[in-house]
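Could you build the full structure based on these sequences and the hints that come with them?
Residue numbers (this note's numbering), protein chains in the order written: chain A, 11 to 116; chain B, 3 to 138; chain C, 50 to 178.
Derived from the structure by calculation, the hints contain no laboratory data.
Simulated DEER-style distance windows between Cβ atoms:
#1 A:E40 x C:P135: 21 to 27 angstroms
#2 A:Q13 x C:Q158: 24 to 30 angstroms
#3 A:K90 x C:L168: 36 to 42 angstroms
#4 B:N89 x C:V105: 50 to 56 angstroms
#5 C:R150 x A:G73: 32 to 38 angstroms
#6 C:E173 x A:E93: 34 to 40 angstroms
#7 B:R115 x C:K120: 30 to 36 angstroms
#8 C:M159 x A:A96: 35 to 41 angstroms
#9 C:K133 x B:A53: 37 to 43 angstroms
#10 B:T56 x A:E93: 47 to 53 angstroms
#11 A:Q13 x B:N89: 25 to 31 angstroms
#12 B:R105 x A:Q84: 29 to 35 angstroms
#13 B:H72 x A:A64: 36 to 42 angstroms
Only pairs whose alpha carbons sit at most 30 angstroms apart, straight line, appear in this in silico BS3-like list of lysine-lysine:
#14 B:K138 x C:K131
#15 C:K53 x C:K133
#16 C:K86 x B:K5
#17 A:K90 x B:K138
#18 C:K53 x B:K92
#19 C:K120 x C:K53
#20 C:K52 x C:K131
#21 C:K131 x C:K86
Fair warning: this is a prediction, and the values are worked out from it, not measured in the lab.
No residue lacks a Cβ here, since even glycine has one placed at the ideal position from N, Cα and C.
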Amino acid sequence: MAQYLLIESRDPFESNDVGYYYDLAKGLVEGGNQVTLFLAQNGVLSARPSAHSAALSALARNGVTVLADDFSLQERGIAKLAEGVAAAPIDVVVDHLAAGHKTLWH
Amino acid sequence: MSKMTLTIVLMDPPYESENLTTAFRILDVAARRGYHINVFAYEGAAGLACARQTPHPNSVHGKNVAEENHPTTKDQVAALLAEAEKNGGKVDWINCGMCVDERGVNEFVPGTRRGSPADFHAFVEASDNVLVIPTK
Amino acid sequence: MAKKTLNIVESAYRAVMEEQDDTILWLLAAMQGAGAKHTVVLRGNAVNYAVAGQGVPGLTVGEWKQTHAPKMDRDILDLIEKRKIPVYVVAEDLADRGIERGELVPGVQMLSRTALPGLFAEYELVAHW
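Printed below as a string of structure tokens:
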């Protein structure tokens, strides 16, 4: 079992490629891996309860740890998060890198 | 015990993408932890450490140069190098040579240097982990 | 022994005319020459790079004429044949774009979208471009 950090900087309102990345996270979990999806920049826009946040909540129920960059959230005035999404500092990214987890950026 | 060594690849030029804000935040955390940090500045990112950047005033907000205190990435790069050193780490910042040449940004922040894909390969081989931050 | 790296490339036709290359594929080819061990997966719009017979004459601006316009299909063949870099294309992304397998340059390997996560375990590093 391996651990992965998937950083998503894009949002599903502007990009229809975000679904691929969420599916990648789900596929890795289904393969028996531990996966953290770290939303950053406009990627946190889907963390607010909205038309697109259900996909994130579903990922969380499927075993993906879904985090949203606290700086990006604050920058955008997002205080309330969808179910299954937690705010986290950017240090999480460095923690994963330092732990040797494969880290991808989309 | 050898120092934690990370390689980060940057591609975005200054002032065009929020990727760089996030990148510098990641780099800052690593520098504060005293890690060894290799940066391969590719394509537009070859201009991040260009020493010829100058700040400007902001007439829309009525600020002169000093009041606006406009960020320049060259200052962020210099600060990163200093922070890593202060904490017992170091930054090896390479500006891709051909990218520098075609953009005419060949005056660098001291402590950064010119390099090539072979240097990126050497970084990868010497690192505990690698993060590529692609451009869109 | 160099670290085996899986490179997922989705960026397509970004600055390829003025660079006369896709700069990601160029970088990977250059690193392979320095001893790297790369594999490429083309996904999203980048699957179009494997379509044979693409390319335009060079750009012209006034009297200025480009003399070496890029040809992405040639560069994909170069990666496979000359650099020995395996190149996969995501089959569903081809189908979504109406590209038949027979239109591709030889040597490109098919990969199902659902098989991509399983590939990660075979590599020490995975980079997303």
